[in-house]
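Chemist: Sequence lines, in order, name chains L and A.
Count the first sequence with full-length UniProt numbering and you get residues 1 to 309, in order.
Count the second sequence with full-length UniProt numbering and you get residues 1 to 357, in order.
Hints were generated in silico from the structure; no laboratory data involved.
Given the structure is predicted, the values throughout are model-derived calculations rather than measurements.
Virtual Cβ for every residue (Gly too), placed ideally from N, Cα, C.
One should not assume that every hint holds.
[Stated by the list, open to error] Which bits of chain L does chain A cover? Going by a derived footprint, with three or more residues having C-beta under 8 Å, they are: (1) 177-186; (2) 260-274.
[To be verified] With the C-beta cut set under 7 Å, the calculated list includes, among others, these residues of chain A facing chain L: (3) Arg77; (4) Leu119; (5) Pro129; (6) Pro136; (7) His166; (8) Leu168; (9) Gln172; (10) Leu209; (11) Thr211; (12) Gln257.
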Amino acid sequence: MTRRHHVRFRVPANRKVRVGLAVFLLLVLVAAFGQLFVGHVLGQSANRLHAGGNLESPSGRHWLGTTSFGQDVFAQLVAGTRTSLLVGLIGGAIATALAVLLGVLSGYTTGRSGAALTAFVNIFLVIPGLPLLILVASYTRGRGGWLTVAVIIGLTSWAGGARAKRAQTLSLRNRDFVEAANYSGESRTRILLLEVIPHLAPVIASTFLFSVVGSIAAEAGLDFIGAGHASTVSWGTMLYWVQSQGALQSGAWWWFLPPGLCIALVGTAAGLINFGVDELADPRLRTRKPGSAAGRSRRSGGVTPEGAR
Amino acid sequence: MTATANDTYKAPDTAPPILEAVGLTRHIPMHGRRHGQVVRAVDGVDLALRRGQILALVGQSGSGKSTLARLLALGDRPTSGEIRFDGRPVNAERRRDRRRHYGHVQMIMQDPFASLNRLHRLRYILSRPLRNFGTPGAAELEARIIELLERVNLTPGREFIDKYPHELSGGQRQRAAVARALAADPSVLLGDEPVSMLDVSIRLDILNLLTELRDRDGLSMLYITHDIASARHVADEVVVMFSGHLVEGGPAEAVTQNAKHPYTQLLLAASPDPDRLLSGEAGTGTAAASLAAAAGGPDADDDPDSAAGSATGADGGTEAGCPFRARCPHAQAICAERMPEAADAGSGHWVRCWLHT
Ligand SMILES: Nc1ncnc2c1ncn2[C@@H]1O[C@H](COP(=O)(O)OP(=O)(O)OP(=O)(O)O)[C@@H](O)[C@H]1O
Ligand SMILES: [Mg+2]
Chain L
1 MTRRHHVRFR VPANRKVRVG LAVFLLLVLV AAFGQLFVGH VLGQSANRLH
51 AGGNLESPSG RHWLGTTSFG QDVFAQLVAG TRTSLLVGLI GGAIATALAV
101 LLGVLSGYTT GRSGAALTAF VNIFLVIPGL PLLILVASYT RGRGGWLTVA
151 VIIGLTSWAG GARAKRAQTL SLRNRDFVEA ANYSGESRTR ILLLEVIPHL
201 APVIASTFLF SVVGSIAAEA GLDFIGAGHA STVSWGTMLY WVQSQGALQS
251 GAWWWFLPPG LCIALVGTAA GLINFGVDEL ADPRLRTRKP GSAAGRSRRS
301 GGVTPEGAR
Chain A
1 MTATANDTYK APDTAPPILE AVGLTRHIPM HGRRHGQVVR AVDGVDLALR
51 RGQILALVGQ SGSGKSTLAR LLALGDRPTS GEIRFDGRPV NAERRRDRRR
101 HYGHVQMIMQ DPFASLNRLH RLRYILSRPL RNFGTPGAAE LEARIIELLE
151 RVNLTPGREF IDKYPHELSG GQRQRAAVAR ALAADPSVLL GDEPVSMLDV
201 SIRLDILNLL TELRDRDGLS MLYITHDIAS ARHVADEVVV MFSGHLVEGG
251 PAEAVTQNAK HPYTQLLLAA SPDPDRLLSG EAGTGTAAAS LAAAAGGPDA
301 DDDPDSAAGS ATGADGGTEA GCPFRARCPH AQAICAERMP EAADAGSGHW
351 VRCWLHT
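Sequences are here, hints too, so could you generate the full structure?
Modeler: Written out as structure tokens, the structure is:
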């Protein structure tokens with residue numbers, strides 16, 4: 001058996017990437033354990049009405065104050081983080097998987113089936129995503145909760161990513177090393193999986209990052225316009241209530257700022273992590289051997305052969 | 001200069017052909033503005049590569065050399081014509097048959113920076129043909145890879161086995177590409193300008209490696225080059241290609257010392273002095289200028305077919321006449337009508353030119 005490459009976790013050298021990953025990790029921890037903390041340590045819950053007075057400003061009891069219904073904003077924010085991140089990750093994963101599958105296959109397959117796949121991608125590309133999303137979401141409204149929303153978002157937002165992957169696959173298909181792999185007796189499937197797709201890793205990672213952010217924003221948008229699931233707590237529904245209760249006018253910054261900042265934070269983190277995705281398809285940027293010093297010193301060198309040509 | 005085994009060893013000219021092309025033709029359809037037309041990249045080529053010999057295929061850029069090599073390797077399908085291996089026609093329809101052919105005939109590509117996937121270590125790159133064309137066990141595999149690396153002078157093999165392509169020099173990469181070709185245990189290597197991307201100082205090393213493979217292991221080789229002088233240096237036989245056609249061929253000495261075809265004479269006149277062989281310097285003076293003119297002149301770039309030196313025409317039609325006639329100093333009326341059959345110029349040397357019929 002050929003020895004597997006040493007793909008071990010390594011702290012990225014790039015500071016932007018480190019900051020982005022740290023922020024993302026923090027949000028994931030909040031989503032996973034935040035509700036335990038809020039429930040057991042602070043004794044609050046996202047949905048309890050009149051946990052405090054109406055529109056109380058932040059205090060030791062209500063870290064981020066209360067809403068006009070007297071709900072604890074911090075508890076809502078923590079619960080919303082969980083919903084929004086789950087929608088983002090699931091929607092992003094579905095969109096990315098479809099984009100990779102359809103993009104790579106339509107780029108790699110020749111002849112009639114390739115043309116049919118390309119036509120399918122192109123049709124989805126010209127269907128405007130947001131109206132389609134709103135349309136489908138308003139049909140399923142109330143049923144299935146956030147999971148349905150995530151699936152719908154994933155199913156309606158893959159086309160752009162698929163097109164990018166198709167273009168890359170088309171250019172990779174005619175590269176010399178693909179022809180050489182063919183002469184080496186490799187099957188088409190194996191060439192696709194082990195020669196072509198690894199080169200797409202940075203694009204796939206980018207697509208995933210921005211699909212996650214896109215899904216979170218789409219879900220927030222749906223909730224905000226009232227096309228979502230009103231009884232789930234998410235950053236989007238929080239903003240919906242902020243707007244409908246006139247929190248901006250009453251100056252309740254502790255209510256309207258946190259959900260908006262969280263959305264911005266996820267976007268920023270994704271953008272920062274995206275600075276590191278090129279490392280995924282460049283062995284020069286990975287540690288060469290366990291304990292090798294050369295890998296570290298080479299990492300700073302930027303231009304790839306492809307980039308230089 | 002290092003003497004190669006060429007001086008001491010020569011397979012008899014009677015050695016049986018191992019890889020043959022018979023009337024091999026590849027017309028590539030054009031797109032866009034010139035839709036409906038075809039590029040006659042390879043046009044009715046008859047070629048015989050003999051067992052244990054190096055056959056040099058010489059011609060200017062765009063004459064169809066790479067297309068011919070790709071056809072012979074089954075990387076591309078011919079429009080018409082036949083390929084024979086060891087006397088039997090090669091069937092390319094089924095993948096199984098193509099794979100069997102890859103086990104006999106392997107290609108070494110021009111650019112070792114592009115032909116090795118930079119995401120894989122040499123261990124992986126070399127293990128794939130070994131597994132696909134043989135079934136070495138896990139324990140044996142590593143030993144075989146090291147053996148291959150050392151066969152192409154990447155020694156000690158143990159140090160190279162876990163390297164990525166970017167950790168190798170250009171010459172070392174091309175050696176790795178040769179090792180990958182050898183891993184399939186072929187009897188024929190097709191080298192498409194295997195040294196042209198390399199620094200002049202290491203070209204000779206790679207060429208010596210190739211001649212060594214012929215002399216020690218009895219491999220046959222098609223050596224594609226622009227440079228007729230280096231062809232003479234390594235090859236047993238030389239064939240000259242112009243615009244999809246073979247115009248002259250025969251034993252290397254005869255073709256280079258006693259060229260009959262005006263195009264071959266032009267190539268020789270423009271090639272560097274044999275004493276500066278492989279030094280990479282372009283030919284000087286008028287010969288180089290006239291070759292440039294033959295290649296379509298300095299403004300050749302805006303006309304694809306003159307730049308490429310290959311013929312284009314309507315789909316299905318046949319190009320009448322000799323493709324070189326427009327640039328030939330000896331063109332006659334008959335040259336526009338048709339191309340002559342190959343005329344024998346003695347001891348295996350042949351030429352397709354109305355001057356010699
Ligand atoms: N895929 C293609 N589509 C259209 N034309 C092509 C294609 N491949 C090759 N050709 C044309 O076929 C002709 C022969 O090309 P080929 O690459 O075989 O030339 P070559 O002799 O190898 O040139 P070089 O010495 O520059 O490598 C050229 O005119 C080229 O433009
Ligand atoms: Mg070529």
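Chemist: Hint by hint, note whether the structure agrees.
Modeler: Comparing the hints with the structure gives:
no. : hint    : verdict
1   : 177-186 : holds (count 9)
2   : 260-274 : violated (count 0)
3   : Arg77   : 12 Å, violated
4   : Leu119  : 5 Å, holds
5   : Pro129  : 4 Å, holds
6   : Pro136  : 12 Å, violated
7   : His166  : 5 Å, holds
8   : Leu168  : 12 Å, violated
9   : Gln172  : 15 Å, violated
10  : Leu209  : 18 Å, violated
11  : Thr211  : 22 Å, violated
12  : Gln257  : 36 Å, violated
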